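**Q** For reference, the chains in residue letters:
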Amino acid sequence: MTRCFISRRALLAAGAVGLVVSRAGMSVPAEAKGLAPTRSMRGGSNNYRPGAPVVDRIGGGGFWMSGTVRRAGDGAPLAGQRIQIWAHTTEGHERDQRSHGATLTDANGVFRLEMPQIVPAFGQPHGHLAYDSGDFETVFLRPVMNSSSDTSLEAHFVLQPA
Amino acid sequence: MRRPPERALRPLLIWMAVVLLILLPLALAAFSPLLQWRQPVYIAAGFAGIIAMSLLLLQPLLAGGLLPGLDGPRGRRLHRWTGACLVTALFLHVAGLFVTSPPDVIDALLFRSPTPFSAWGVIAMAAVLATTLLAVLRRRLRVSPRTWRRAHVVLALVIVIGSAVHALLIEGTMEWVTKVGLCLAVVGATAKVAVGLRLWRRQV
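Sequence lines, in order, name chains S and C. Residue numbers are given in the working numbering: position 157 of the first sequence equals residue 157, and the series is strictly consecutive. Take any residue in the second sequence, count from 1 to its spot, add 162: that is its number in the working numbering.
Honestly, the hints are just simulated from the structure, not real lab data. All values derive from a computational prediction rather than experimental measurement. No residue lacks a Cβ here, since even glycine has one placed at the ideal position from N, Cα and C. Careful, some of the hints might be misleading.
Simulated restraints, written as ranges between beta carbons of each label pair [as the list claims (entries may be wrong)]: (1) Q160/S <-> A192/C: 18 to 24 Å; (2) A170/C <-> G60/S: 57 to 63 Å; (3) R301/C <-> E137/S: 54 to 60 Å; (4) R274/C <-> A107/S: 33 to 39 Å; (5) N146/S <-> E337/C: 19 to 25 Å.
Which residues of chain S face chain C? A few of them, derived with a C-beta cut under 7 Å, are [claimed, not checked]: (6) R42; (7) G43; (8) N46; (9) P50; (10) T90; (11) G123; (12) Q124.
Could you put together the complete structure from these sequences and hints?
**A** Right under this line is the structure:
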């Protein structure tokens, strides 16, 4: 038997909500305001060591931290931006110098850095990322892994010109 | 005086349950894979937290005289000593975490941490400190024993609920089943003893 996932009631409710939103002028057209800048996350800058060197990979690798960097407003990808990354891993604590490294975004604004496996510390398996190079406003991110057995983690930046 | 066999068995079973509820979480945490990636100070801080949780199980049992052989004045005297040990374990827990990562602990103490469990832990810690003051200043406070007990019981409930939520939300060295077992036992024992005191019953 096939199941219909959108019930008539849900469809009617969605339609009604859509009508209210459009009539009340509550929708925000994308071109009017543009892409909002990413705000720093709570605790994002904890154990930050400014000036981590650009590296091919942090330690022995095995875990991938990746993401994108775009400009606020038009969302244009930003190439050559330095993203600093650190975490508590199988090879060191957040505070250890060897747990820190940086990488640059490619032409599409994408970055990807191999690092040791992140393990839970202070209650959650999480990583830290920073954009702190001056051309744009500084942003600190602290993404949390869905599961501590994950072998990759993503974080995305939308930067506001300084 | 000889007791019937089923009466003699009861104290043994109670003590076995208490010992297992306390030792199993500690033993399984000692085999946590996370330990191999932590410094000794961080490991000690974590175990101080688990020991504090174990002491929270003993506290209501001692206060309520539910531990066979430790009822009455003996139990209540031990209750005070266990309270002092609890404060010490709590201090080591927070101090060890502070040495491991100062900014994370400062965030937690200022209630601006991204992890909700830390707020529960800090609330429970505040209630422990308030209870310590309440116990130390008992004579000087000049409140009726009933009022004093009410205040102590309210703080105790804040402590056990805060600590249980704190522990359950953490992904750490504790094994899940034994952690849930210990937390439920702590909250259950405290609730049982608190209800048994009948502090909010209308006085005739």
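**Q** Each hint needs a verdict: does it hold in this structure or not?
**A** Verification of the hints:
no.	hint	result
1	Q160/S <-> A192/C: 18 to 24 Å	violated, 48 Å
2	A170/C <-> G60/S: 57 to 63 Å	holds, 59 Å
3	R301/C <-> E137/S: 54 to 60 Å	holds, 58 Å
4	R274/C <-> A107/S: 33 to 39 Å	holds, 38 Å
5	N146/S <-> E337/C: 19 to 25 Å	holds, 21 Å
6	R42	holds, 4 Å
7	G43	holds, 4 Å
8	N46	holds, 4 Å
9	P50	violated, 14 Å
10	T90	holds, 5 Å
11	G123	holds, 4 Å
12	Q124	holds, 6 Å
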